[in-house]
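Asker: Construct the complete structure from the given sequences, taking the supplied hints into account.
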Amino acid sequence: MTTTCIVSGRAWRDGHPVAGELTEDDLHRLHRETDALVWVDVRDPSPADLRRLLHRVGLPDGAIEDVTAPYERPKVARYGDHVFFQAYATWMADHPAAGEYVRLRTGRVSGFVGPGLLVTIREGDAFDMAPVVRGWEENADLIVEGAAALLYGLLDVVVDSHFDTVQRLDDDLEDLEDVLFAERRTGHDFARRTYGIRKDLVRLRRVVLPMRDVVDGLMRHRSRPEGNRFTALDAWFDDLYDHVLRAAEWTESLRDMVSTIFETNLSLQDARLNTVMKKLAGWGAIIAVPTAVTGWFGQNIPFPGFGRHGGLAVSVALIVVATAALYALFRSRDWL
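Using this note's numbering, read the sequence shown as starting at 1 and increasing by one per residue.
Certain hints may be false.
As the list claims (entries may be wrong) - What follows is a set of in silico ranges between Cβ atoms, one per label pair, in the way DEER data are often shown:
#	residue 1	residue 2	range
1	Ala48	Arg13	25 to 35 Å
2	Ser267	Asp81	52 to 62 Å
3	Val316	Gly187	19 to 29 Å
4	Pro47	Lys75	15 to 25 Å
5	Asp189	Pro115	31 to 41 Å
6	Ala48	Asp175	43 to 53 Å
7	Gln167	Val18	22 to 32 Å
8	His188	Asp81	54 to 64 Å
9	Asp61	Leu266	52 to 62 Å
10	Ala288	Glu100	47 to 57 Å
11	Arg212	Gly187	31 to 41 Å
12	His95	Leu266	24 to 34 Å
13	Gly217	His188	40 to 50 Å
14	Thr275	Glu123	46 to 56 Å
These are computed hints drawn from the structure, not numbers from a lab.
All C-beta atoms in this analysis are idealised placements derived from N, C-alpha and C, irrespective of residue type, glycine included.
Answerer: Below is the structure:
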């Protein structure tokens with residue numbers, strides 16, 4: 001019975017690729033050879049297919065739960081000679097889905113790595129293995145290091161996707177800053193974008209931060225040659241761990257930044273409200289002057305210039321002079 005969920009597979013012997021189309025039986029036969037390195041890619045496996053596949057590489061049924069459990073965070077676990085890992089690649093959609101605010105998308109990839117074997121398990125087409133395979137081909141000299149080299153190439157693509165996502169979010173925050181301090185006022189669209197980025201960063205944080213433990217665990221569980229000597233791959237894994245730390249720190253700093261933008265927007269709105277209140281108070285005082293003058297001269301008693309054109313000129317002059325003086329006074333104090 002053939003496992004129909006296997007999408008593709010490759011094999012190497014002594015660091016050189018094995019040519020030709022490989023069947024499932026070929027992959028399992030090569031896996032039993034001590035000088036062979038095998039990669040098996042599985043997509044959307046059924047429980048029966050997954051159980052059969054794991055049994056053929058010597059993994060217990062308990063490993064199936066790690067693969068199939070929904071909403072699992074990035075993690076690493078050891079099963080005898082094999083290590084289970086789970087990670088999420090990330091990217092940003094151009095626009096949020098209808099009725100949503102978030103644009104962050106994730107692609108889950110799980111797998112098992114052991115002596116001479118790497119099994120990758122994907123859900124749908126969300127995670128693309130093509131960049132991973134290209135990375136293996138571009139660094140073919142590392143294949144002699146075994147399954148750890150394949151694992152490094154996979155995790156490198158995952159961490160690079162984190163960097164790309166964080167960069168996109170950083171650019172979005174810079175756009176928000178330009179709007180925040182522009183002359184025009186922020187409105188509903190600004191608040192919606194800020195809220196969406198805040199949610200994206202919360203989701204991204206759940207994916208990026210645990211990767212420190214994943215990479216550290218895989219580095220500790222990775223088998224070394226006799227004598228525990230360091231290999232060329234150690235420097236690559238150290239560099240990968242450094243990238244994971246930088247992505248985590250960058251995500252944390254952006255999370256603080258979006259909170260600062262949110263609070264600054266509220267402070268600027270309060271400041272604009274105070275400015276509006278000052279202007280209203282200033283204009284109210286200015287309008288009160290002609291109202292007082294005309295009200296006074298509107299009383300039913302004679303006043304200087306009553307019944308003559310000169311009286312009208314005096315009242316108009318009082319209104320203009322008093323209004324101009326108040327306007328100049330308020331303007332000098334930046335109330336208007």
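Asker: Compare the structure with each hint and give your call.
Answerer: To see whether the hints hold, each was checked on the structure:
no.: 1; hint: Ala48 <-> Arg13: 25 to 35 Å; verdict: 31 Å, holds
no.: 2; hint: Ser267 <-> Asp81: 52 to 62 Å; verdict: 58 Å, holds
no.: 3; hint: Val316 <-> Gly187: 19 to 29 Å; verdict: 42 Å, violated
no.: 4; hint: Pro47 <-> Lys75: 15 to 25 Å; verdict: 20 Å, holds
no.: 5; hint: Asp189 <-> Pro115: 31 to 41 Å; verdict: 55 Å, violated
no.: 6; hint: Ala48 <-> Asp175: 43 to 53 Å; verdict: 49 Å, holds
no.: 7; hint: Gln167 <-> Val18: 22 to 32 Å; verdict: 38 Å, violated
no.: 8; hint: His188 <-> Asp81: 54 to 64 Å; verdict: 57 Å, holds
no.: 9; hint: Asp61 <-> Leu266: 52 to 62 Å; verdict: 54 Å, holds
no.: 10; hint: Ala288 <-> Glu100: 47 to 57 Å; verdict: 52 Å, holds
no.: 11; hint: Arg212 <-> Gly187: 31 to 41 Å; verdict: 39 Å, holds
no.: 12; hint: His95 <-> Leu266: 24 to 34 Å; verdict: 27 Å, holds
no.: 13; hint: Gly217 <-> His188: 40 to 50 Å; verdict: 45 Å, holds
no.: 14; hint: Thr275 <-> Glu123: 46 to 56 Å; verdict: 53 Å, holds
Checked against the numbered hints listed earlier, the structure breaks hints 3, 5, 7; every other hint is satisfied.
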